[in-house]
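Protein sequence lines correspond, in order, to chains A and B. Counting in UniProt numbering, the final residue of the first sequence is number 180, and the numbers go up one at a time with none missing. Counting in UniProt numbering, the final residue of the second sequence is number 310, and the numbers go up one at a time with none missing.
Warning: the hint list may mix true and false statements.
[Said to hold, decoys possible] Restraint ranges, calculated between C-beta atoms of paired labels, are given here:
id, chain 1, residue 1, chain 2, residue 2, range
1, A, 116, B, 265, 34 to 44 Å
2, A, 173, B, 264, 58 to 68 Å
3, A, 32, B, 218, 34 to 44 Å
4, B, 200, A, 32, 56 to 66 Å
5, A, 7, B, 241, 46 to 56 Å
6, A, 173, B, 232, 38 to 48 Å
7, A, 7, B, 109, 28 to 38 Å
[Stated by the list, open to error] Which residues of chain B face chain A? A partial, calculated answer using Cβ under 10 Å:
id, residue
8, 9
9, 107
10, 238
11, 239
Everything labelled a hint here was simulated from the structure, so no lab data went into it. Positions of the beta carbon are idealized from the N, C-alpha and C atoms, including for glycine.
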Amino acid sequence: MRPLTEEESKTVFTKLANYIGKNLIHLVDRKDEPYCFRLHRDKVYYVSESSMRLSISVARPNLVSLGTCFGKFSKTGKFKLHITALDHIAQYAKYKVWIKANGEMPFLYGNHVLKAHLGRITEDTPEHQGVVVFNMSDVPLGFGVTSRSTIDTRKLDPTAIIVFHQADVGEYLRDEETLF
Amino acid sequence: MDVSNLLASHAAKFQSVTVEKETPLDVDAGFLTVTDLNPIDEESYRSNLEEYLQSTARDGTQALIAALYALPTQLSPDGPLAQLPPPTTALPRAKPLPKPKAPTKWELFAAAKGIQKQHREKKIWDEEKQEWVNRWGRDGKNKEKEEQWINEVKANAAVDFDPVQATRNARKARVAKNERQKLQNIARSQAVREERSERKIEIERTLASTRTSTASMGRFDKKLEGDKKMRGVKRKFDPTEASAEQEKQASLALLSKLDGEAKRRSKDTGGDNVLNVRKAIRSVSRGKGGVALGRDAGRGGAKGKRGGKR
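Make a model of the complete structure from these sequences and hints.
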């Protein structure tokens, strides 16, 4: 377990900023308790200072996980967000997409969001923007990237993809062994 | 009345103040040190070690304190202070001896030719003044020619020949030459040192690359005796247990830096990230580009308007 280097922090922050924009400051500078980012076996954990200090005394091979896993670094140095970060991303998300009840299950099985399943979308969402996907009762289901801006979606046919799937809560079951 | 008894008991009480040893103790008051050079009394040393050590230490301390009281004192608000003499014990030096200076070019030449160095007095006898004057510097003998009131000039000298200026220029040139030679000597001595360290680094680098230049990248090679293990550059990370406050400040600084970068980028593309300007221009100008759009707008916005309705 170690703090991120500047290069790594930059990669993580740019990825997170794609979803929550300037609200990222609220993750770094928290009112309740100091939190920090820690890297352990290529995974990035968002952890409170107190539990980070406790886990210092655990040897590296024995430490399985700590805090909330935000994602992992690939071997090429890219950062991939995990679904476990959803809670933190969803509460600060800048752009949101709500999907209808009939689109929930396809999304949770790892499919993209089609226009037919789109319930609501934040106004003025640009294309290729990170968005958080909710169901109609405001429960966060996952996140993805928009394929078109909000204005452009009006012209599309119902089978067109609106949001590219990136992570969904179904991964808790599908990728249980590699997720945390 | 017999006072001899009283005197004897009194003396017994203060007998221990004086320390009598076979070899007198070596007291160095400057370092507050006492050295006992007497051989160890083996019998008492074996029978009662603690007592023997204590008595030796007590004798030494007693001798030191007696020496301190014998020193001249100085009054101070905290009571009298003994003025310690300079220490007599020679301590070994902490730093290694300075390296000998590299010989100058003249010193090398003189050594090769067997020229002995002669001491040159700073003062020189002036026959006219009948006194010792400086060889150089203030009122120096070397400035004699410049300061005399009359100068000899050769018959074939130029019209504007200034004998005072000429001798002065010659003297200044000698000084400049000496300075130049001094700098050259310094440069030569440094070059030798730099060359050696550079050569060492180069050899180490060559050795490292040859050791990894085999088919197995040096993995299954025969190890030579005394071969050191090769070490690469070690990665360095921040300590895990640094304060979270410090880390937060670093993260916030990084965020503001990223924010600034994003702002600059959006300024370059000319707009916020909600509107894709490049795509908007392409769409409005029907794929002809911004220049064509500007030309059309100059002619009258009819075409552009129709294009927008598409």
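Status of each hint after checking the structure:
1. A/116 with B/265: 34 to 44 Å: holds, 35 Å
2. A/173 with B/264: 58 to 68 Å: violated, 44 Å
3. A/32 with B/218: 34 to 44 Å: violated, 54 Å
4. B/200 with A/32: 56 to 66 Å: holds, 57 Å
5. A/7 with B/241: 46 to 56 Å: violated, 22 Å
6. A/173 with B/232: 38 to 48 Å: holds, 43 Å
7. A/7 with B/109: 28 to 38 Å: The hinted range 28 to 38 Å is violated for residue 7 of chain A and residue 109 of chain B, with Cβ atoms some 58 Å apart.
8. 9: violated, 69 Å
9. 107: Interface hint status for residue 107 of chain B: violated (54 Å vs cutoff 10 Å).
10. 238: holds, 5 Å
11. 239: holds, 8 Å
The structure is inconsistent with the numbered hints 2, 3, 5, 7, 8 and 9, although it conforms to all the rest.
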